[in-house]
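Enquirer: The listed protein sequences derive, respectively, from chains A and B.
When we follow our numbering, the leftmost residue of the first sequence carries the number -9, and every step to the right adds one.
When we follow our numbering, the leftmost residue of the second sequence carries the number -9, and every step to the right adds one.
Hint data in this document are derived by calculation from the structure and do not stem from the laboratory.
In this text the structure is predicted, and so the values were computed from the model without any measurement.
Only true hints are included.
Copies of the same chain look alike in the list, so a pair counts if it works inside one copy or between any two.
In silico DSS-like links for lysine-lysine, alpha-carbon gap of 27 Å or less:
| # | residue 1 | residue 2 |
| --- | --- | --- |
| 1 | Lys127 | Lys150 |
| 2 | Lys81 | Lys44 |
| 3 | Lys101 | Lys81 |
| 4 | Lys150 | Lys130 |
| 5 | Lys291 | Lys81 |
| 6 | Lys(-7) | Lys101 |
| 7 | Lys71 | Lys293 |
| 8 | Lys84 | Lys293 |
| 9 | Lys7 | Lys81 |
| 10 | Lys291 | Lys71 |
| 11 | Lys84 | Lys291 |
Residue strings, one per chain:
There are 2 protein chains.
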Amino acid sequence: MRKPYVIGIDIGGQSTKAGVVDARGNILVQTTFDSRDIDTLQGYLDTLTETLNKLINSAQVGGKDNVGGIGIGAPNGNYYKGTIEDAPNLKWAKDAAGNTRVVYLKEDVEKAMGLPVVVTNDANAAAQGEMIYGAAKGMKNFIEITLGTGVGSGIVIDGKVVYGHDGFAGELGHTTSIRRTGRQCNCGKIGCLETYASAIGLARTARELLEIDPQRPSLLRSLTADDITSKDVAEAAAKGDELSVEVFAFTGRLLGEAFADFVAFSAPEAIVLFGGLAQAGDLIFEPTIRAMEDNLLSIWKGKVKVIPSQLPGSEAAILGSAALAWEL
Amino acid sequence: MRKPYVIGIDIGGQSTKAGVVDARGNILVQTTFDSRDIDTLQGYLDTLTETLNKLINSAQVGGKDNVGGIGIGAPNGNYYKGTIEDAPNLKWAKDAAGNTRVVYLKEDVEKAMGLPVVVTNDANAAAQGEMIYGAAKGMKNFIEITLGTGVGSGIVIDGKVVYGHDGFAGELGHTTSIRRTGRQCNCGKIGCLETYASAIGLARTARELLEIDPQRPSLLRSLTADDITSKDVAEAAAKGDELSVEVFAFTGRLLGEAFADFVAFSAPEAIVLFGGLAQAGDLIFEPTIRAMEDNLLSIWKGKVKVIPSQLPGSEAAILGSAALAWEL
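All chains should be modelled from the sequences, with the hints used to inform the complete structure.
Expert: As structure tokens, then:
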């Protein structure tokens, strides 16, 4: 018989969130621990295990026996291998010399918890969550784009998240709509979508526009240029700040051009936008949709939806990872 | 019990090819008819039916009862709907006023032949054939790129050709690695991959290079510029003509840059090149692979094969369509 609960875990650079979830997507209990000061893998696993055991007890679901498995979303998580590979933002995933190493997370957590574990990256987890609990409920073909510090993606075809030959499929933030003259990406490439359409990329666009014409008025000029965040730009744009609106228009244009190429690949029913920038509403959706439509083949014009995620913000990551665990 | 034979049909602008194929990919008999002078749908269907009935008789396989079904690869063929939509090069698929119309090919051929029919586009058929009989045998994740008059693609994920939400997935020839300053495509967009990496695009690049520097020597100067074909360029390049080698290098670079984005989408084990240009060997493979590698995320560097099709040229289209029919 299928067990009635699963655990969803979201591993981030700063902290780890975990929750006990039922089949309808209700999070019974959840918790967070700060991982910034944990600098060894064993230290991390010990804290995680202790946290999960306490969490299961506090959920009062009859203990581990009623938990079907654990889904983990993590940076560079690999679905096939159950590993985290080359994740520069996780201090505990580095060796003593500070180099990234392969963390056999599935194996380690299964051993520690005695429950089956599935690992994927955060964007794939979000896509899985969107399909089971969110805006893509009932859809078989869609693309989830996560607009956060970076740009991630989870691609769903025929009702299944695409992992590809090696488990790393869906790195659409590192497709390059702008080459040569584009921005340097952390990944080493030039002009990746992520360097423009992420929160960091958008703030950088704002700084560039402020610099290009120092006489141009903008609400953003009251801030120190280096401190400007995407949130500041969104707030200024909401107040009608012309320069800030232009930042969103530029970002949306690049995003929409890229989306047209994604549609040519997998012909999705919808592209779902998840994360901070997606909350800017029309400011980002309107220019994105316009640029996508301008660049679509005629067979797709007016037919592909671009919609906001319906996963509840603070709980989305847990729900996404939990959604994976139902496959176990 | 599964029937021992299928029919594969390849519909092109000039002619239609059909063959009776066994499960090992042997074409028992095949035939071709010229369709250039057929200007009504009924006329086309009558000729096709007559041709197929003769073909089945000549194959001496015990008649229709031993044929499991018919697979058809056609321009703009739609797998879900069984239609051909908006195919400007098929005279018989237009109405009296010369406008393209929707042809309900599956329905019409099923009625005429009394056999189940499956329709897809030619690139998807090639991908299916490659997986069953060709270079992708045993692979679950690969991308077939057809380099012909246009650039087509068939994407295989988890052992299945991707059709997407509407049956039109895999139009990678119309992704746009070069925008704004790019070439005008027949589809109406600017800078589509097809305008550079097709046979026509490659010949155009040659003409452009000849024009830019009228003093530059080239074997191609013995030809009338407007008559230069991709085959001429390949022959000149094979003889060491520097300008022609540069044409292939340029074409390969754009192709390889595009491939890096395709890899970021579906993380394939291989990209298989099919069609005329693919036969240019190192001339096209070497610059393509170099550009792809330069643009891949580090997790994929050195890991994705770019290989030539192993479907026998003249029979590939029939085998590809036949491969589809085994699903019936």
